[in-house]
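Asks: Here is how the chains run, residue by residue.
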Amino acid sequence: MEKYSKVMKTDPLVIEWDYNLNYIHSYAQDSKFFVYLGRGIILGSECKKCNYRYGTYRKYCMFCGSETYDIELPLEGKIHSFTTCYYAGEDFINEVPYTLILVEFKNINSLFMSRLVNKENKRVEIGMEVKAKFKKLQKFNVNDVYFLPA
Amino acid sequence: MYRPRNVYMISGGLTKFKKYNYESDFRLNVKKSMDYALNDIKMDIKHIDGSVSAYFSDHFQGQLIAGAMSNDYIGLSGKPSKRIEGGGATGGLAFQTGYEEIASGNMDTCLVYGFENMSHLNTWKGNDVIALGSDANFDYPLGGFYTAYYALMATRHMYEFGTTEEQMAMVSVKNHNNALYNPFAQAPMAINIDDVLKSPVVSTPLKMLDICLMSDGAASAILASEDVAKSFTDKPVLIKAIGSSSDTMRLADRTFGDVTLLPGEKEYKNLRYPGIHSFKAGRLAAKMAYERAGIKNPEKEIDLAELYDAYTSAEIQAYEDMGFCRYGNGGEFIENHRSDINGDIPVNMEGGLQASGHAIGATGIMQAVYAFWQLQGNISRHFGNNKLQAKNHNTGLIHSHAGTGAYETVTVMEAL
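Residue numbers (our numbering), protein chains in the order written: chain A, 1 to 150; chain B, 151 to 566.
If you are wondering where the hints come from, they were derived from the structure by calculation, not from laboratory data.
There's no promise every hint is true.
List time: in silico DSS-like cross-link candidates among lysine-lysine, alpha-carbon distance up to 25 Å [to be verified]:
(1) K419(B) / K78(A)
(2) K106(A) / K419(B)
(3) K9(A) / K450(B)
(4) K168(B) / K9(A)
(5) K419(B) / K6(A)
Pulled a few chain B residues facing chain A out of the computed Cβ check, cut under 7 Å [said to hold, decoys possible]:
(6) A301
(7) A402
(8) G478
Note that CB positions come from ideal geometry on N, CA and C, so glycine has one too.
Given only the sequences and the hints, what does the whole structure look like? Please build it.
Replies: So this is what it looks like as structure tokens:
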């Protein structure tokens with residue numbers, strides 16, 4: 001019961017409870033997307049019935065419920081919107097500042113969220129052309145792809 | 151056929167919202183807010199038929215099934231009860247669930263209570279927990295968190311419509327200064343636009359003073375059918391209509407189509423909608439509520455509103471989503487003081503989430519309580535001063551978001 005024993009305050013009595021868990025996270029039906037990032041491919045999805053082309057991978061069409069087909073997204077796109085974070089949730093606080101972008105691709109109906117790595121400190125703006133870059137050492141999360149100014 | 155029974159709000163109660171409240175846990179906060187509501191109309195708990203509880207995250211409470219724990223603590227053991235959860239819209243959804251309990255005839259009186267004690271986690275861990283309310287495969291691992299998601303939307307709103315950081319700051323100034331006269335508010339502040347603009351940047355363009363608070367607190371609303379409402383109060387407030395809708399959880403999945411028009415609204419040319427500049431679920435929820443309430447022109451017919459101002463940008467977007475002005479004119483709406491306490495549609499008169507606080511599960515119910523007191527004309531009785539009483543107070547609107555508008559609720563209330 002050690003994890004319940006650290007007293008922070010006595011009136012009222014407040015203790016610190018070491019409340020941690022290791023979550024076993026499955027990408028399940030989205031797994032292929034993450035595997036393919038290691039091959040330098042960003043997968044999107046297309047519904048043959050609606051002809052809607054998704055910029056973020058999903059196995060079923062959100063309009064008609066049909067199973068989608070995998071498509072390869074272009075590796076170049078444009079910034080649809082952006083924000084630079086100077087604070088973050090605790091798990092990411094050591095990484096600030098970082099820039100999140102929503103990328104729009106030609107002939108794709110919806111967007112893709114990613115990070116923009118902007119080492120030369122170029123002025124970031126909506127419409128700016130960006131290109132995908134893949135991590136050399138795959139970590140099997142969505143950060144295996146990021147974008148650079150084109 | 152949509153044919154609900156008439157539903158009335160007959161009382162409301164709040165705890166003061168605070169940053170740290172280690173003196174009372176969620177159960178005691180619920181009891182305090184409920185007792186406030188019961189005592190205000192001299193009602194006994196035995197007259198409550200059942201309850202709806204609202205809280206967002208088990209991680210904040212460190213306790214699962216916290217609704218059931220509250221229920222027996224306050225003396226409702228044995229009565230029907232359920233817990234409602236829907237992110238930031240938790241309280242708004244629970245209020246509507248309470249409405250449904252009465253409208254369906256399942257209950258004649260219903261206590262709706264909401265709570266959150268967020269100070270059990272430090273602020274930045276709390277941001278992580280809230281960020282888990284975004285896609286854990288595609289969004290959260292990027293370092294995504296809610297200020298960043300709303301900031302992406304604000305950036306696009308500025309691009310589409312020319313909204314400025316100064317206009318967003320005006321929302322913060324209005325809400326923090328309003329809260330100076332609200333004894334329940336967590337963060338009343340006499341601030342100006344410069345203070346907001348110079349506060350630390352969290353996620354461009356949003357700064358510390360553009361962002362709501364993390365709070366400990368609870369709120370209670372008592373709803374009743376027509377048959378019993380008047381036996382407890384001379385001033386029941388009619389819940390005229392409820393509306394709700396939903397949108398994709400991921401911002402990246404938002405669609406680009408035509409604007410969903412409200413009654414009497416003219417078409418928009420060349421605006422791809424909603425994209426990420428606007429909240430379609432808010433617009434659809436408003437449309438549903440207005441159609442049910444018979445509202446033809448919200449700009450003229452809504453007297454006051456409690457809008458979801460978790461971020462200052464979101465209040466500006468909500469002016470447009472609710473049809474208080476056309477899309478693109480939200481910045482002008484605040485700049486022209488139309489949402490000030492003396493404006494034509496005062497918004498967040500008591501400080502909103504920015505300054506009253508955002509104890510997530512309590513928030514939507516807190517909004518209902520404030521709107522209820524406004525519509526009764528009773529602000530001075532509860533606040534000890536009349537500074538925040540809206541002059542016109544016949545029809546009020548309350549509005550809440552989950553995620554970046556993944557669920558939204560709009561409820562229209564009317565003084566009798």
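Asks: Determine for every hint whether it applies to the structure shown.
Replies: Results for each hint:
1. Proximity of K419(B) to K78(A) is assessed by CA-CA distance (about 23 Å); at most 25 Å being required, the pair is judged to hold.
2. Among the hinted pairs, K106(A) with K419(B) is consistent with the structure: their alpha-carbon atoms are about 23 Å apart, no more than 25 Å.
3. Simply put, K9(A) and K450(B) have alpha-carbon atoms about 53 Å apart, too far for the 25 Å limit, and the pair is violated.
4. As the CA atoms of K168(B) and K9(A) are separated by approximately 18 Å, the hinted pair is consistent with the 25 Å bound.
5. At roughly 62 Å between alpha-carbon atoms, K419(B) and K6(A) are farther apart than 25 Å, so this suggested pair is violated.
6. A least Cβ separation of about 4 Å between A301(B) and chain A falls short of the 7 Å threshold, and the interface hint therefore holds.
7. Interface hint status for A402(B): upheld, as the beta-carbon distance to the closest one in chain A is roughly 4 Å, under 7 Å.
8. The criterion of a C-beta within 7 Å of any C-beta in chain A is not met by G478(B), whose closest approach is roughly 16 Å, and the hint is violated.
Taken one by one, the earlier hints fail for this structure at numbers 3, 5 and 8, listed in ascending order.
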